[in-house]
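Asks: Hey, can you work out the whole structure from these sequences and the hints?
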Amino acid sequence: MSFLEQVWRWFGDAQHWQGTDGVPTRLAEHLHLSAESVFIGALIALPIGIALGHYGRFGNLAINVSNTGRAVPSFGLLVIAFQVFGLGDGPIIIALTALAIPPMVTNSYVALREVDPDVKEAARGMGYRELAQLLRVELPLSVPLIMAGIRTSAVQVVATATLAALIAGGGFGRYIVDGLATQDYTKLFAGAVLVALLALATELSLSAAERALVPRGIRLQRAPTKRRATAFKTA
Amino acid sequence: MAAALFLDAEPWVDWSWVSTHVPTVLGDLGQHVELTVISLAAGVVIALPLGVAAYRWTGLRLPTLGLFGAFYTIPSIALFALLIPYTGLTTATALIPLIGYNVLILVRNVIVGLDEVPRDVLDAADGMGYRPLARLLQVELPLALPAILAGVRVATVSTIGIVTITAVIGFGGLGALILQGLIESFHTPLVVGALMGVLVANFADVGLAAGQRWLLPWARSE
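Residue numbers (the working numbering), protein chains in the order written: chain A, 1 to 235; chain B, 1001 to 1222.
Rather than coming from a laboratory, the hints here were simulated on the basis of the structure.
Nothing false has been slipped in among the hints.
To be clear about the criterion: a stretch of chain B counts as covered by chain A if any three or more of its residues have a C-beta under 8 Å from a C-beta of chain A, and this derived list gives those stretches:
1) 1064-1077
2) 1154-1165
3) 1192-1199
Ideal Cβ positions, reconstructed from N, Cα and C, are used throughout, including at glycine.
Replies: Structure below.
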């Protein structure tokens, strides 16, 4: 039986689809860790990025802090969180949240900064107050870049959540880490396939959500070239 | 509880360990730099012609960016795991994912950089009698350099972080120290490994930025 056939059988085996080490449980763990981290990260990062971008102050500081932050190796961050806070989901979520924040701060800041000053002036001329201008003019125009930041963060968090298995966490990474430890290459490979599929599914579904959420009026606008700065990989 | 942990726990850095392990740390640092430099150099060698080709023949763009984009989305630990049954715990297993990631970042920036060369400049170059190859090498690529070097910087910082994960397959550079800290529950190598990772990444980023300013004095704002 060839190796790939063995992997195929692994997926066909009903045992691997039930119980605490079954695919559905591991998927739920992986999604739970990722979703919670991205959500908390967004609650922290977006207000900061939006406020800094709107007022146009301390922007360089925010970007520099973000840049330094993303130089922290994700693996090191997870292990430090593990040694400071111990076992469990909490430390993993703290580390993943810290990784989720920088791209969202940078992108929402850049998004607000890139709103055309003429448009803002026109809004003021039409009698918009500051809050209305922010909510009804600047934010809708910023949606594409803000969403791109959320997507970048989410894809990286889902990828990095795989490493949670190294500090005794759950998720699909379990199969890879356990397979490696026991030299069970079938399990290792099957786990890798699951991780890869989940990462691709996250990217594709968030890209679709991004397209759906962009206001119709600005859909035809060319994506800002700054967008290339959002490419970043932590795992 | 956290306070108790902080109070009871061993010191974060045990300097006597550091002083006796300088050669180990330097060895790991060397491996880290080696893996980073090789994967960047290979990335540039592959991405430059590929990016130029995808710029020239627009039909190549979608398949190139799609293929490497999908590769880029897959976490490194999953790619290591997919390669291990075939290439084992070798340098190839560590390098192939790193190179692939760099190719994506660089190809994208080569295309963006070439796209941004103004039409007028190309017309002027044609008018001056530049042949296609000379125009590419002497006009287009130099003007695309700021974008390409921006890609090199992103690729460098991101590679330095990901190299630590190769510890899982027996390499790791500074990641080997982080793994040691995890396995032995010993803070010092962990802190030294993580901190040096941050320092190396920022040092490389600042160094490349300075190199870029020196190489491209006309593109200071990029």
